[in-house]
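Could you build the full structure based on these sequences and the hints that come with them?
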Amino acid sequence: MKKKISLLLVVLMLVTFMPMSMSASEEKAVESTQKFTVNGEAFEIRAYIIKGKNYLRLRDAAAALRGTKAQFQVDYDNDKNLVSIERNKPYEDPSNTKIYSSKKELWATMKNMGVLIDGKEKKLKSAFIIDTNYIELRDLAKLLGFSVGYDAKTRTVALKSEKVKMPCKLDFDLEDFDGNKTNIADILAEHEYTLVNVWGTFCQPCVREMPELAKLANDYKDKAGFLGVIKDIRPINSSSSEYEKTERNLTIDKAKSILDKANVKYANLCPSPKALDYFDNLIVGVPTTFIFDSEGNILETFIGAGAYGNYEKYERALKKYIK
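Going by this note's numbering, the letters in the sequence shown line up with residues 7 to 329, in that order.
These are computed hints drawn from the structure, not numbers from a lab. Among the hints, a few may not be true.
What the hints assert, rightly or not - Straight-line Cα separation of at most 30 Å, DSBU-like style, residue types lysine-lysine; simulated pairs:
| # | residue 1 | residue 2 |
| --- | --- | --- |
| 1 | 262 | 187 |
| 2 | 109 | 95 |
| 3 | 159 | 59 |
| 4 | 117 | 187 |
| 5 | 171 | 148 |
| 6 | 187 | 128 |
| 7 | 109 | 75 |
| 8 | 75 | 129 |
| 9 | 128 | 95 |
| 10 | 325 | 221 |
| 11 | 75 | 329 |
| 12 | 126 | 227 |
| 13 | 86 | 75 |
| 14 | 229 | 280 |
| 15 | 57 | 110 |
| 16 | 95 | 75 |
| 17 | 187 | 267 |
| 18 | 59 | 166 |
| 19 | 131 | 166 |
| 20 | 221 | 75 |
| 21 | 319 | 221 |
| 22 | 229 | 262 |
| 23 | 267 | 175 |
| 24 | 171 | 126 |
Just so we're clear, the structure is a prediction, and the values are computed from it rather than from any experiment.
Listed below in structure tokens is the structure:
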């Protein structure tokens, strides 16, 4: 009887531990030296090759696909203890934490990882490497609807998904000399890229570079947006004094004269209090010139104005983005 009980216990132990050993395996993971592009543009992604296939972090894939029809947000469902994916939602990662191993070869635990896709549980092929789950790229592509190609000659993995229009992250008003207000989001929406020159009427370098900016704006008027923000035209409100109102009007007259002499045709606007706060947090002096995309992201920043060559400097920057 004792022998039968002992044999039964052995069988039960084998049954208990068998699924775990069958569901996971160890495989060698080698850091990928391949390049990655997203819709033709280079994107830095840390990936590992396991048995000839690319595995990468969900968050890295989400960052790469942001702004496309395959975009998704990554979170964690504490109730179900599962990673959560929300499709058609732009990726945001406030921590922007990326922890990678410096080793080129590691061991990965292979398994099918449960994830929530729009609230429904699915399985994705994953590799557990140094406390992080890496997902098989093509498995993820099938689920989210983006394509994966490979150029053997250049060793480039090409991810493709149609771009979507993202909402502008900026929200403040600018106003013309007559007090008519326009939201910055509406201004940036007119072009994919906009050069924004923040200047002051008291600033001689600002005034010196103005003719070159005017020429650049005329040459690229169908390719990019141009906007001037006159920082020393101060906002007024119902409690503003007559002196403040007079000073504002005098500064506006000075700005008009400068713009007219430089033959500037693009809009130059006055900052609202919220706009002033935004630019005060970005700049240390004028002129400061930015290139914004339509989402409100700053792509380039130029502090100060050189004695010459401003046209070429700004043109080189614009050509990085205008195809």
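Tell me the hint numbers this structure goes against, listed in increasing order.
2, 4, 6, 7, 12, 20 and 23
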